[in-house]
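3 is the number of the first residue of the sequence shown in the numbering used here; add one for each residue after it.
Honestly, the hints are just simulated from the structure, not real lab data. Note that the structure is a prediction, hence the values are computed from the model and not measured. All C-beta atoms in this analysis are idealised placements derived from N, C-alpha and C, irrespective of residue type, glycine included. Treat each hint with caution, since some may be false.
[Stated by the list, open to error] Derived CB-CB ranges, DEER-like:
#1 K198 x D417: 22 to 32 Å
#2 D149 x V108: 39 to 49 Å
#3 D118 x L169: 48 to 58 Å
#4 L209 x R268: 18 to 28 Å
#5 T113 x R388: 17 to 27 Å
#6 N42 x R253: 37 to 47 Å
[Stated by the list, open to error] With a Cα cut of at most 27 Å, we get these calculated DSSO-like pairs of lysine-lysine:
#7 K198 x K298
#8 K205 x K56
#9 K298 x K191
#10 K420 x K257
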Amino acid sequence: MTQTAAKSKQKPFYKGLFFQIMMAIVLGIAVGYLWPSFGNAVKPIGDGFIKLIKMLIAPLIFGVVVVGIAKVGNIKTVGRIGGKTILYFEIVTTFALLIGLLVANVMNPGTGMNVDPSSLNTSEVDAKTNGSELPSEGDFFLNMIPDSAVGAFSSNSMLQVLLISCLFGIALVHIGGKTAETLLNVLEKVNDVLFKIMGYIMKLTALATFSAMAFAVSQYGLGTLAAFGKLFIAMTIACLAFVLVLAVILRIYLKLSLWKVILYIREEIMLAFATGSTEAVMPQLMDKFEQAGCNKAVVGLVVPTGYSFNLDGASIYLSLALVFLAQATGVDLSLTDQLLMLGVLLLTSKGMAGIPGSAFVALSATAAATGSIPVAAVALMLAPDRFMGNYRTTVNIIGYAVAAFIIARWENLLDLQKANDVLDGKIAYQPKNAAISLPESIPAANEKAF
3 MTQTAAKSKQ KPFYKGLFFQ IMMAIVLGIA VGYLWPSFGN AVKPIGDGFI KLIKMLIAPL
63 IFGVVVVGIA KVGNIKTVGR IGGKTILYFE IVTTFALLIG LLVANVMNPG TGMNVDPSSL
123 NTSEVDAKTN GSELPSEGDF FLNMIPDSAV GAFSSNSMLQ VLLISCLFGI ALVHIGGKTA
183 ETLLNVLEKV NDVLFKIMGY IMKLTALATF SAMAFAVSQY GLGTLAAFGK LFIAMTIACL
243 AFVLVLAVIL RIYLKLSLWK VILYIREEIM LAFATGSTEA VMPQLMDKFE QAGCNKAVVG
303 LVVPTGYSFN LDGASIYLSL ALVFLAQATG VDLSLTDQLL MLGVLLLTSK GMAGIPGSAF
363 VALSATAAAT GSIPVAAVAL MLAPDRFMGN YRTTVNIIGY AVAAFIIARW ENLLDLQKAN
423 DVLDGKIAYQ PKNAAISLPE SIPAANEKAF
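Full structure from sequences and hints, please.
If you want it as structure tokens, here you go:
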């Protein structure tokens, strides 16, 4: 498709999903501020939208990963993709932690607050975390193994579903023949149906965005933004600095523009920003990365794994927030203290996935491990955390995008020409849910089916 043809099919800007999401955010902020009781009342709409998305994530991951592995057809290649993915995630999240520490030390967002930790009420932190604790290294890996295959899907555990998917895909490759071909065809058709259902759910995007923003503002108020203004500015600068690092990596290694990538996934970024949930956009991201030239197996392995191991935004938040809490409570962290904290964060930032109030659990665990930051000080983050979550999800989404392109290119499983054409707008994105039609072999409604 030529660039002219692609542009000719574009809808008017006011009918586009990005414009609708932006308007929903603005309207949600206004309603939440002016009519907070109404903002509270519409919360179930956003929650329902997230639950609808989550109910499809496990089967979608299973289908995409199994089909991807089967089509690669080489178990060693799949193992290499997984190993390189984990290595890349470790390097990038370490950069994110360091940037958070650096910005916190330069800007000193908590200096002068002089908060007495004993005056803080920690009961709300306990309620938010439900008494959860970060798993030990052994427990973390054991938790990746479900008690039953069905249990992994019912609990929607990302890593457990990914493990089952990988084993199923590898077994399918080894079996081969007609059996593998039949199962593969069935899975591809099931994936088409699931993406079609996702298309129905996505029609609620603007409404869910409005609900999420109206509730956030009604619950915490715009006063929170003013009270923690310096912290939000520091977080903004840290996130922008990290995104700049990703832009340099992408430009040097792939000659791709991160700005074009961001424009390509702008609807997913804004939806995740508004709802504070990265899971709400996982299916659309996987579809978009695949259509932008990334191999199906790479997308299927990198994106779900990234939801547990590549929490770039969360890493920035954790290191920045801990230094902020130390400054706010008058604790002087030496270089040795901060290096120790960095070492602890390298572990705690990887064990957060699937834990209620994960950010608070990681903050509490790291503060306790350092022995210098009062654990009670974590309660100070209750007010700004909801808004900081918007930062976390935004940076996480951009991180998943860069990781998918980098790993695909690293394994020579990226169609670079197609990636450039898609990002330049020469090839229009075609959602899977809009491209499904019944085959001619299915009888018409007025014909006998049997």
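Taking the hints in turn, this is what the structure says about them:
1. K198 x D417: 22 to 32 Å: holds (25 Å)
2. D149 x V108: 39 to 49 Å: The hint (39 to 49 Å, Cβ to Cβ) holds, given that D149 and V108 are roughly 47 Å apart.
3. D118 x L169: 48 to 58 Å: Holds: the Cβ-Cβ distance is about 53 Å, inside 48 to 58 Å.
4. L209 x R268: 18 to 28 Å: holds (19 Å)
5. T113 x R388: 17 to 27 Å: holds (24 Å)
6. N42 x R253: 37 to 47 Å: Distance hint for N42, R253 holds at roughly 45 Å.
7. K198 x K298: Between K198 and K298 the Cα gap is close to 18 Å, so the pair holds against 27 Å.
8. K205 x K56: Given pair K205, K56 holds - Cα atoms ~16 Å apart, limit 27 Å.
9. K298 x K191: With a Cα-Cα distance of about 15 Å, the restraint between K298 and K191 holds, given a limit of 27 Å.
10. K420 x K257: Holds - the C-alpha atoms of K257 and K420 are around 13 Å apart, at most 27 Å.
The earlier numbered hints are all upheld by this structure, with none contradicted.
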